[in-house]
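Asks: Given only the sequences and the hints, what does the whole structure look like? Please build it.
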Amino acid sequence: MRLYNVFRFIGLRHIQARPSRAILTTLGVAFGISLYVAISIINHSTKNSLRDSIEAVSGKAKLSIAAGVAGFAEEKLEVIRNTPGVKVAVPMVESRAFFEGATESSDGLQIMGVDLLQETSVRTYKATDQRIIDDPLTFLNQADSIILTKALAEKRGLHLDSKIKLSTAVGVKEFTIRGLLEPEGAARAYGGSLAIMDIDGARMSFGKENKLDRVDIVPIEGTALDGLESRLKSTLGDGFNVERPETQSAQMEKMLDSYQMILTFFSSLALLVGLFLVMNSISVAIAERKKEIGTLRALGATRFLMVTLFVTEVFGVGMIGSILGCFLGKGLAYRLSSQVSASVAAQFQTRIEIAKLEFTNEQILFTIVAGTLAAVLSALVPALKAATIHPLESMKRHAESMDAADEKRSQLQVLAGLGLLIFMSFSMIYSWGKIWIGIDLVTKASSVLGAALFGPFLVFILLKIFRKAGRLLSFPILRLSQENLMRSRRRTSANVMALMVGLFLVMLISSVRSSFHDTLTHWLDQIFVADIMVGSNGRFINGDVQPLKEEIQEELLKVPGIRPIGENRGCASRLVPIYYEGKKMAIKAIDHYADFYQYQNFPIQGADRIETAKKLYEPGEPKTLVSRGFMMNSGKKVGDTVELNTPKGKIAFKIIGEITDYASSQGVIYLSRSDYRKYWDDHLVTVFVLSILPGYTFEQVRSNIAASIGRKWNLVTISNREFKDQMQSAIDRTFAYTKAIEYIALLVGLLGLLNTLLISVMERTREIGMLRALGATRNQVSKMIFFEAILQGFFGAVVAIILGSYVGRLFVEYALTTSLGWIIEYHFPKQSVLTTIVTGLIVAGIAGFIPARRAAQLEITEALDYE
Amino acid sequence: MNKNIVLALLTLPSLTFAAGLSAKDIMIKNEEARRVAEFESHAKLTSGNDADKSEKLKEFTFWRKVQADGIHNSTLTRFHSPAEVRNEGILIIENANGKNDVLLYLPNFKKTRRVESQQQSGSFMGSVFSYSDIATPHVDDYQYKTLRDEKCPGSEHAQFKCSVIEAIPSSDDIRERTGYSKSMVWVRQDNFMAVKGEYYNLEGELFKRLEASQVKIIDAKNKKWLAHFLTINNLKSHDFTRLEFSKVKANGGIPSSVFTQQNLQKVN
Chain A
1 MRLYNVFRFI
11 GLRHIQARPS
21 RAILTTLGVA
31 FGISLYVAIS
41 IINHSTKNSL
51 RDSIEAVSGK
61 AKLSIAAGVA
71 GFAEEKLEVI
81 RNTPGVKVAV
91 PMVESRAFFE
101 GATESSDGLQ
111 IMGVDLLQET
121 SVRTYKATDQ
131 RIIDDPLTFL
141 NQADSIILTK
151 ALAEKRGLHL
161 DSKIKLSTAV
171 GVKEFTIRGL
181 LEPEGAARAY
191 GGSLAIMDID
201 GARMSFGKEN
211 KLDRVDIVPI
221 EGTALDGLES
231 RLKSTLGDGF
241 NVERPETQSA
251 QMEKMLDSYQ
261 MILTFFSSLA
271 LLVGLFLVMN
281 SISVAIAERK
291 KEIGTLRALG
301 ATRFLMVTLF
311 VTEVFGVGMI
321 GSILGCFLGK
331 GLAYRLSSQV
341 SASVAAQFQT
351 RIEIAKLEFT
361 NEQILFTIVA
371 GTLAAVLSAL
381 VPALKAATIH
391 PLESMKRHAE
401 SMDAADEKRS
411 QLQVLAGLGL
421 LIFMSFSMIY
431 SWGKIWIGID
441 LVTKASSVLG
451 AALFGPFLVF
461 ILLKIFRKAG
471 RLLSFPILRL
481 SQENLMRSRR
491 RTSANVMALM
501 VGLFLVMLIS
511 SVRSSFHDTL
521 THWLDQIFVA
531 DIMVGSNGRF
541 INGDVQPLKE
551 EIQEELLKVP
561 GIRPIGENRG
571 CASRLVPIYY
581 EGKKMAIKAI
591 DHYADFYQYQ
601 NFPIQGADRI
611 ETAKKLYEPG
621 EPKTLVSRGF
631 MMNSGKKVGD
641 TVELNTPKGK
651 IAFKIIGEIT
661 DYASSQGVIY
671 LSRSDYRKYW
681 DDHLVTVFVL
691 SILPGYTFEQ
701 VRSNIAASIG
711 RKWNLVTISN
721 REFKDQMQSA
731 IDRTFAYTKA
741 IEYIALLVGL
751 LGLLNTLLIS
761 VMERTREIGM
771 LRALGATRNQ
781 VSKMIFFEAI
791 LQGFFGAVVA
801 IILGSYVGRL
811 FVEYALTTSL
821 GWIIEYHFPK
831 QSVLTTIVTG
841 LIVAGIAGFI
851 PARRAAQLEI
861 TEALDYE
Chain B
868 MNKNIVLALL
878 TLPSLTFAAG
888 LSAKDIMIKN
898 EEARRVAEFE
908 SHAKLTSGND
918 ADKSEKLKEF
928 TFWRKVQADG
938 IHNSTLTRFH
948 SPAEVRNEGI
958 LIIENANGKN
968 DVLLYLPNFK
978 KTRRVESQQQ
988 SGSFMGSVFS
998 YSDIATPHVD
1008 DYQYKTLRDE
1018 KCPGSEHAQF
1028 KCSVIEAIPS
1038 SDDIRERTGY
1048 SKSMVWVRQD
1058 NFMAVKGEYY
1068 NLEGELFKRL
1078 EASQVKIIDA
1088 KNKKWLAHFL
1098 TINNLKSHDF
1108 TRLEFSKVKA
1118 NGGIPSSVFT
1128 QQNLQKVN
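Just so you know, the protein sequences line up as chains A and B, in that order.
Position 717, counted from 1, in the first sequence is what this note's numbering calls 717; the numbers after and before it change by one each time, with no gaps.
Position 170, counted from 1, in the second sequence is what this note's numbering calls 1037; the numbers after and before it change by one each time, with no gaps.
Be a bit skeptical, because a hint or two may be false.
Result set (EDC-like, lysine to aspartate or glutamate): computed pairs, CA atoms no more than 20 Å apart in a straight line [as the list claims (entries may be wrong)]:
no., chain 1, residue 1, chain 2, residue 2
1, B, Lys1028, B, Glu1065
2, A, Lys87, B, Asp1039
3, A, Lys830, A, Asp518
4, A, Lys126, B, Glu1070
5, B, Lys1083, B, Glu951
6, A, Lys87, B, Asp1040
7, A, Lys233, A, Glu643
8, A, Lys126, B, Asp919
9, B, Lys978, A, Asp200
10, B, Lys978, A, Glu209
11, A, Lys87, B, Glu983
12, A, Lys60, B, Glu1043
13, A, Lys150, A, Asp161
14, B, Lys977, A, Glu75
15, A, Lys62, A, Glu246
16, A, Lys62, B, Glu983
17, B, Lys1103, B, Glu1072
18, A, Lys87, B, Glu1072
19, A, Lys62, A, Glu229
20, A, Lys163, B, Glu951
21, B, Lys966, A, Glu221
22, B, Lys977, A, Glu699
23, A, Lys291, A, Glu767
24, A, Lys87, B, Glu1043
25, B, Lys1103, A, Glu182
26, A, Lys60, B, Glu1065
27, B, Lys977, A, Glu74
28, B, Lys966, A, Glu78
29, A, Lys60, B, Glu983
30, B, Lys978, A, Glu74
31, B, Lys920, A, Asp161
Keep in mind the hints are simulated off the structure, nothing from the lab.
Replies: Below is the structure:
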């Protein structure tokens, strides 16, 4: 018997006879693939953009020297230039700047303050009018000169000689666009969201007088890089990072890896739901065609031929679904990329602008092949099962009941699910994923597979309980539906599995989101005791604001309505990133606030808050408070000293206490601002924290600030409430992309349930005919099928809540710490319980409606005749 | 050689016959002819593009003086217009090691900036001239070859015969500083003044052409000449620059203190 004939006369006819099933399965695969594709495109493009940015900024430089956000003294440039082996050393100052009135990070741009008289030795620029860049006389002498990328100018409707207003450390300043750059060379960096200024102009505007942020080195030809690197390190001392561009890139990529792995995990879940759908669809199709399989086998069809027949049917579905998924995925990537960028920025305090979403032909081909293969593999298990059916066995009419083999298989399935869940629990608790990345991947996959295999068992338990309780109800149709579900365990399992995995994913994501939200909100309530925060444009919540000059404090304290802070006290704080042992952490340098705050801004753990916080400001050896994340990453504890790289060399800070802070997942280091200024020589301020005098309202004080010094310094004043709202929206933004994952998972779940329910109605055509012959009305049959769907939706949702929140808890308490470093308290997503149940009921209701109608429309004679 | 060309165009030697001289001898005569002990001049620099017909004019005063070694020059330019460049100054101190010091004074920042040698092949004041073109070339920086003798180009010089000389930088440093791999210069055989130059970039492509006119004697006693009008074209971008000297005063007694960083930073 040739495969071609079998496929043509049997396989293809089944597809033609049941086009809706093929369409639903194809769509399931397509949606599942689409999310996976979208996340792959974004992950790949993010890394490419990051690499491109680093390469573009580094240009011909083989080494770069930096000393953190605060920069280092300009005099070091001569020291660097005089180091043997250095051919060219080109300085740069960098800053974030924001268009006037910006409240979002996306309204910012990266300022590269460069020495145009030396710049082309390292970086290349192609201007729309090259003479502008080549004419330093005009460009350099005007402090308002700025060059934008053509892309940014077009985006904002700007052109040569246009004026733009940017917030700077000294208030809003007007700049004149004296050049536009083509997207080549350095202009490729930061996705084109950058501006070039002369180094002196940039220093003046961004509070970097006599400082440098970075020096790029081109060595003399033939100089050994290792040797030059060591010479520079020893000449400059500990506070300086001398790095090759590829090291910077590798460091950043490593930082992104864990984050992207979680994104991939979530997107893989949606794909997995799609594959479940394929598996279910084939399983049910096999049950439906059991007799046909028996006949074919009796006629001489081999087991291999039977497997190949089903696999061939799925091959087409998988391929079409994968092709469709590629297109959908690309569209989805466009929709999600900005959300993922925002999430990355919130996570790592590093904004990576995705310059271009890349989906190469090779990737498309790979996706189609992998998607098709995955679909085929998911069909392989039921297909192999079909091949083992004995011809005699298949002729029997007991498709509805479970035979001993089915029972055994079902038990194995439950045990396997339980085993996977147990493995996943231990692996997460004991961080087995740290041993080898493969274990981490298996752990994450086990959470879904375990839930999918074990979930239906829990549904049956709940159904049993419900059956007992349901006896009290005199609602025969509901009871009949319930009995049907209990009787056909295979079918019910397939239905529940399809929906439950989707809902499980929703619950898992909700658990993570709600834990972040509740933990951060609670923390913020604890520490943010001031009435007002004053800063400049940007986003206060992650410190991505234009820093201000500290002199503003004096003027602020004179504004009517501002409560005096007392002698030797300050109201400024500075939030900057710092690399410690290769990990990106945050420094929070805080002024000794006024007494009336009672050090409430120090969430100190395990010690007296006031006494411990006071010590930070006592004279003597430098001291610090560090977060648990820092302790975990560094292995340090209270009482130890931590050596931090500063522009003045390595300085040892004594750890005097542990604080709770979420400014960085890797660790937060609290310093007194006087120590910070002393060692980093950075006098800029991220925000001023102020209190209002009794008798004044926030609005009055805000108006007073605006009327007095607000315009001069471009101050933005926000209230305690507004700050917390910003936090709320930041969390929403961070998790915005997960909504898409939830929707896709639910959509695939809906398709899965619809598919299996439709099949189950067909499977039960004869049974429905019997019911109708025994006097059941069309309405009663329709209700029975609909209730079956609703019951499955409801109990599927309940089990998804139980398993999703359990896995979510492990995920929050262990996996997030291991993968990303976040130490977050688990908070049960109360608000999601109702949503999940309602969603489950709606999805089941929608999925049940069509099969219920179809069942009701069956003619009794035809149904009884159905084989 | 680029420098040779520009400098050659600035001054002209006395009438001397070139017949029988080697290429290097001709260029030595050229250097002697254009080496004015000191001179001061008003200058206009007009830059534009043939395609878009745009033109930008800058005006400045130009001082040049031969240093104590009798070979190398110091040059100061002080800009007067347009307003955005007023009082900016550029000081070029030639060094024996071939690495020139180029300092740019920015009055709005009250700051002097150094133009690194790698940058000196870049544009001077947004013109087709480079900093290296404005500095003075020296005979020993190049190796020469006489290609041919022919009628001098340009109507002003048509009655004279020219030696066409190829100049190749003698070191990589000079190649890098000038940005030229080769140049050709048309030197009048009567007075050894260069009247035309062609420059090849590091890829070996012809990309600049210079023409000199209004060649006038500025130091009759020492028989020194200056081309008062220079036009240089970038053959790739179609940019052009015209440099016009007027009110030229030679040997008026310019003190050496004019060519110092302190003086560069002095603004009237």
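Asks: Enumerate the violated hints, using their earlier numbering and listing them in ascending order.
Replies: 5, 18, 22 and 26
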